[in-house]
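Trainee: Given next are the chains, with one letter for each unit.
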Amino acid sequence: MNCGQFRETYREDMAIFETNFARGLLALFLVALAAAPAFLSFFWMDVLNRILIAVIAATGLNILTGFTGQISLGNAAFLAVGAYSTAFFAGRLGLPFLLVIPMSGLMTALVGMVFGVPSLRLKGLYLAVATLAAHFVIEFTASHWDGVTGGVNGISVPPAKLGGLELSGDRRLFYLVLPLTVLMLFFAKNLFRTKTGKAFVAIRDQDISAEVMGVNVFKYKLLSFGVSSFYVGVAGSLVAYHANIISPENFPITVAIDQLGMIIIGGLGSILGSIFGAVFITLLPEVLRVGTGALGDTFPKLIDLFAPLKQGVFGLAIVLFLLFEPDGMAARWHSIRNYWKLYPFSY
Amino acid sequence: MEFLLQLTLNGVVIGSIYALVALGFVIIYKSSSILNFAQGEFLMLGAYVCVSIVGAYHVPLWAAFLLTLAFFAVLGILMERLLLRPMIGEPVISVIMLTLGLASILKAIVQGIWGTETIAYPTIFPSAPVMIGPLPVSQGYLFSVASVGVLLVLFSAFFKYTRAGIAMRATAFSQQVALSMGVSVQHIFALAWSIAAVVSAVGGVLLGGIRGGVDGAFAFFGLKVVPVVILGGLDSVLGAIVGGLIMGILENLAGGYLDPIFGGGVKEVAPFIALVAILSLKPYGLFGKVKIERV
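One line per chain: the protein sequences are S and G, in this order. Residue numbering for the first sequence follows the numbering used here, beginning at 1197 and increasing consecutively. Residue numbering for the second sequence follows the numbering used here, beginning at 1369 and increasing consecutively.
Calculated directly from the structure, the hints in this document are not laboratory data. Yeah, the Cβ is synthetic: ideal placement off N, Cα and C, and Gly gets one too. Keep in mind that the hints are not guaranteed to be accurate.
[As the list claims (entries may be wrong)] Using 25 Å as the maximum straight-line C-alpha spacing, the simulated DSS-like pairs for lysine-lysine come out as follows:
hint : chain 1 : residue 1 : chain 2 : residue 2
1    : S       : 1415      : S       : 1497
2    : S       : 1415      : G       : 1650
3    : G       : 1659      : S       : 1415
[Stated by the list, open to error] Calculated from the model, a selection of chain S residues having no Cβ within reach of chain G, i.e. all distances over 10 Å:
hint : residue
4    : 1220
5    : 1234
6    : 1265
7    : 1290
8    : 1355
9    : 1374
10   : 1487
11   : 1503
12   : 1505
Use the sequences and the hints to build the structure in full.
Mentor: Here you go:
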């Protein structure tokens, strides 16, 4: 497809799109996606919105875990911080969503950076454990700070308004979620072409040599926590707008595990991987639901087994990917693409 | 005063179960530097397997218990051989995710076979309480504390005097050196997983006996034990025991005195707040080996 395409400048080498064809293909895909509400049922619109929100959250986690190498089990809690900030800013203060979403992101970034401070001393396993503690502490706060979070009963979030138009319901909300997702993906993609992004990767690969080469490890680790939590906070904000009512039950520890699963299955340290992983993990239960529903008439027992089946397939997917394709779906995608690039003369 | 004693006693009992699960954690971490997040699921599975052997074959409890232990010894070796060995040399995140994936699969298997209802346990311990000073103590409590004590002595002796135990310590110290001294590191890993699985199963059966039933909540012990092992030090057997007892007492005291103020939930979160404090003050725990590395 792109035989005879040579890169002659660094600029070309660094380009996000290798060819105009790729650019056109992506534009076409986005147009098709934007037209999706006209064709999809309510159920699949809900799924589509959840996929896009998961893409943002997984990208955020991937910036921290995949690109900077800092393991976080606290993502569900950060998502909750974003969602509760939205409930507070939109519900209590009555701000418009154009302000609420970035403010929720910043709020989460702040909280994320506070929990990122120990990352200078703690590494690997210990950091994972520290973020696990962060999860339970934030969860406790969410269910006990009744004045702000509504406690265990939850709190309602007013729908986003654009002019006089309420962005309620999945079809309308979609046009808020989709542009935001595209924007945040482009930002993430570009981030890793800058000095900051390269510093993140240097810290992941070897923190001591990064320090020796002049990267301020503490500053960039904190920055990574901040950027990552900003993404997760924005995702949390969208979760709040999407769910209308949020309570601590929306953010159990399994959400954090799901998101780690997304970046493992999609591919650590790959923006494309975050997209693949988020799509895969979000679709998995839906496809299973449709599957068990269809087979339910023949095997009535299958319906009862849906919950364990969902969990088992999720675990199995993670284990199989780790054993057989540790670089995730993104790596598979690249190898398939490279095979066809010069087909049939691949030598 | 009596309230305080009662809380402390409950703490010691639950702490001894924590200590058992933590022992499994530490044995795996000591030999292979893996933090096994599926430990709680081992515990749950152990409790279920034992009760269903009793139910299905009408064998006496002690026979079912021994069968369960045998089953777990094999299961641990299988886990290590099939899942963990390919992960040697992979980054920490991959290994953590593998154990989380494993936890998910085990939970699904348990839920698929036994459902989500609580399954009643046969009475293991006589129900008549024993009086310790002014406090009535159930015999099950005493038994579980005693068995933890026995296991502690057994494992200390194992690590100190047996060939396999010394080989395990050598592997923990340096895999390269252990290999060059003729220790089969792979066998050591398998042995560690096997022991950890068996110890968890013991914890599961004891917990089932104390609570009188088993359900999915048992799996949560795997996460609750994380603060315990950090407090004790990830690579210390003694630390696991001491940490378990301290955390058990701490959580019961916090729950007993602070729950009425905050309206519930303190008991669950207290170990994690303690965890944050431990990590910032003494990240390698009470008895852990301090590894100094500066950036």
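Trainee: Determine for every hint whether it applies to the structure shown.
Mentor: To see whether the hints hold, each was checked on the structure:
{"no.": "1", "hint": "S:1415 / S:1497", "result": "violated (55 Å)"}
{"no.": "2", "hint": "S:1415 / G:1650", "result": "holds (23 Å)"}
{"no.": "3", "hint": "G:1659 / S:1415", "result": "holds (23 Å)"}
{"no.": "4", "hint": "1220", "result": "holds (36 Å)"}
{"no.": "5", "hint": "1234", "result": "holds (37 Å)"}
{"no.": "6", "hint": "1265", "result": "violated (8 Å)"}
{"no.": "7", "hint": "1290", "result": "holds (29 Å)"}
{"no.": "8", "hint": "1355", "result": "holds (31 Å)"}
{"no.": "9", "hint": "1374", "result": "holds (29 Å)"}
{"no.": "10", "hint": "1487", "result": "holds (16 Å)"}
{"no.": "11", "hint": "1503", "result": "violated (7 Å)"}
{"no.": "12", "hint": "1505", "result": "violated (7 Å)"}
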